[in-house]
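Work the whole structure out from these sequences, hints included.
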Amino acid sequence: MMNDLVLLEKKDGHALITLNASQSGNTYNEAMAAALWQVIQDVRWDNEIKAILMRSNGTLFSGGGDLGAFQRGVNQQRLPALVEDLSATLNATVLAIRGMEKIFISLIEGVCAGAGIGLSLAADVTLVTENAKFVAGYIGIGAVPDGGSSFAVLQALGLPRALDFFLTNGVIDGPQAAEMGLVSRLVSTEHAADEAIALLEKISQGPPAALARTKKVLIQGVSRTFPEYVEAERQGIIASAASGELPEGVAAFLEKRPPQF
Numbered sequence: 002m003m004n005d006l007v008l009l010e011k012k013d014g015h016a017l018i019t020l021n022a023s024q025s026g027n028t029y030n031e032a033m034a035a036a037l038w039q040v041i042q043d044v045r046w047d048n049e050i051k052a053i054l055m056r057s058n059g060t061l062f063s064g065g066g067d068l069g070a071f072q073r074g075v076n077q078q079r080l081p082a083l084v085e086d087l088s089a090t091l092n093a094t095v096l097a098i099r100g101m102e103k104i105f106i107s108l109i110e111g112v113c114a115g116a117g118i119g120l121s122l123a124a125d126v127t128l129v130t131e132n133a134k135f136v137a138g139y140i141g142i143g144a145v146p147d148g149g150s151s152f153a154v155l156q157a158l159g160l161p162r163a164l165d166f167f168l169t170n171g172v173i174d175g176p177q178a179a180e181m182g183l184v185s186r187l188v189s190t191e192h193a194a195d196e197a198i199a200l201l202e203k204i205s206q207g208p209p210a211a212l213a214r215t216k217k218v219l220i221q222g223v224s225r226t227f228p229e230y231v232e233a234e235r236q237g238i239i240a241s242a243a244s245g246e247l248p249e250g251v252a253a254f255l256e257k258r259p260p261q262f
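Count the sequence shown with this note's numbering and you get residues 2 to 262, in order.
No wet-lab data here; the hints were simulated from the structure.
Be aware that a few hints might be false.
Derived pair list, reagent style SDA-like, types lysine to any residue, alpha-carbon separation capped at 20 Å [said to hold, decoys possible]:
{"id": "1", "residue 1": "K216", "residue 2": "Y230"}
{"id": "2", "residue 1": "K134", "residue 2": "S23"}
{"id": "3", "residue 1": "K11", "residue 2": "A194"}
{"id": "4", "residue 1": "K134", "residue 2": "G182"}
What follows is the structure, given as structure tokens:
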């Protein structure tokens, strides 16, 4: 499947999503919102897909909201309605990424601003290069963080650093993001795509149900008490034992062969 703004390639149980509006900095407008939502829904419900990688063409992963579209909204006296529609689609998209029973990886190789922060950090694994930069951007245009961006930054960095980042229109580069725990890994700038694809393929070879349950337990654990958390783990491993994945994994380990999930 392919459209002009968001490319989708499927192969061997995984999918590659590419934001392709490089001439406009991959900014988030009505067309991009609709195209990305369509692709996310496609991979979410494709039972053949276990893992997804999202990256971008161009020097910007995402320039955030499309300010040109915002200005047209002002001129047409429809900016509030435009923002309402865009934010609804953005929220649905990040919730789908976080809630899908697939492993979602994002690769940031350039500037990631505004709404792009929420999109990239909704991923289960976020990879960055030395050239990556997270740019808050909201306060500079009189806006408030959206798309889960403040939630993700707050969880990763804590309140003092999150406030500093957003209130001062801060910038966090790739190495800083990795060191601070905002992202999962810092990868080589020269070999970023290769490293991301290798990780995507590795995850795609894993047990899909166990991957989905592990993701669910960890994400839901943020809001659970410890007793609730360990019970969720227990239910997850019981389900693994009842499925074909744990028996196959044990047999493969004992027989010294790769598992066939």
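Results of checking the hints against the structure:
1. Simply put, K216 and Y230 have alpha-carbon atoms about 13 Å apart, close enough for the 20 Å limit, and the pair holds.
2. With a C-alpha separation of about 16 Å, the suggested pairing of K134 with S23 holds against the 20 Å cut-off.
3. Only pairs whose Cα atoms come within 20 Å are accepted, and K11 paired with A194 is accepted, the gap being roughly 16 Å.
4. Among the hinted pairs, K134 with G182 is consistent with the structure: their alpha-carbon atoms are about 14 Å apart, no more than 20 Å.
When the structure is compared with the earlier hints, no violation turns up for any of them.
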